[in-house]
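Chemist: Residue numbers for the sequence shown follow this note's numbering, so the first one is 1 and each next one is one higher.
Source of the hints: derived by calculation from the structure; they are not laboratory data.
A few of these clues could be false.
[To be verified] Each pair of labels, with its calculated beta carbon distance range:
{"hint": "1", "residue 1": "M191", "residue 2": "F61", "range": "42 to 52 Å"}
{"hint": "2", "residue 1": "R72", "residue 2": "L181", "range": "34 to 44 Å"}
{"hint": "3", "residue 1": "F186", "residue 2": "I154", "range": "15 to 25 Å"}
{"hint": "4", "residue 1": "S45", "residue 2": "G128", "range": "33 to 43 Å"}
{"hint": "5", "residue 1": "G17", "residue 2": "L136", "range": "25 to 35 Å"}
{"hint": "6", "residue 1": "L136", "residue 2": "W184", "range": "34 to 44 Å"}
{"hint": "7", "residue 1": "Q166", "residue 2": "G128", "range": "21 to 31 Å"}
{"hint": "8", "residue 1": "N135", "residue 2": "M191", "range": "40 to 50 Å"}
{"hint": "9", "residue 1": "G185", "residue 2": "Q44", "range": "18 to 28 Å"}
{"hint": "10", "residue 1": "A13", "residue 2": "D71", "range": "28 to 38 Å"}
{"hint": "11", "residue 1": "P147", "residue 2": "N127", "range": "22 to 32 Å"}
{"hint": "12", "residue 1": "R73", "residue 2": "L14", "range": "40 to 50 Å"}
A quick note: this is a predicted structure, and the numbers were derived from the prediction, not measured.
Where is the CB? At the ideal position from N, CA and C, for every residue including glycine.
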Amino acid sequence: MSYTSVYYYALIALTVGLYYALKKQYRWIILLVSSMIFYALIIQSPFQMALFAAVIVISWFSGKLIEQHPDRRTLWTGLVLSLLPLLAVRLDAWQVMYLHGSARLLVPAGISFFSLQAAAYLVDIYNGKIQAQKNLLRYALFIAWFPQIIQGPIPRYEQLADQLNQGHDYDTDRFMKGIQLIIWGFFLKFMIA
1 MSYTSVYYYA LIALTVGLYY ALKKQYRWII LLVSSMIFYA LIIQSPFQMA LFAAVIVISW
61 FSGKLIEQHP DRRTLWTGLV LSLLPLLAVR LDAWQVMYLH GSARLLVPAG ISFFSLQAAA
121 YLVDIYNGKI QAQKNLLRYA LFIAWFPQII QGPIPRYEQL ADQLNQGHDY DTDRFMKGIQ
181 LIIWGFFLKF MIA
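Let the sequences and hints guide you as you build the complete structure.
Modeler: Now the structure itself:
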């Protein structure tokens, strides 16, 4: 599923409908479920989904450890563990391309985005800019948020977390502006890119 497919827009419509049908305190859950469905449909690989989940769990747990023990060793351990899948994929892809002349490796979609996003989260905790998210599923939503996981941008936790975790009231003006932005982005994607 790509950002320009009819299925993507069907997922958005379903997500928006369910989002406003739920009570505010549960709306983040539909965002998480939609994000995971989107990612699973893109990769269609249990191994890659497990790798994605591993990066989420490892970086979440590392964030909690860094908050409790803010030393360089804890930070570097968390960074290495969170970035290891990205480094392994990139190294293997490089070796395969230059040693064998073709790529046999399927790189997980968005691995650079979600790995670097997790790393930035850990650095921000270490630097005291944010507190570690206590809820694993809320953190998973931050990493997996489907409108940005494949093509970015890579948001900072403090820029996105509150927007995702608090329920928003329906506002027709904001909704219409959002539709206009989607149409404009669609135009730019097809006509300019």
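Chemist: Of the numbered hints stated previously, which ones are contradicted by the structure, given in increasing order?
Modeler: Per hint list: single violation, 10.
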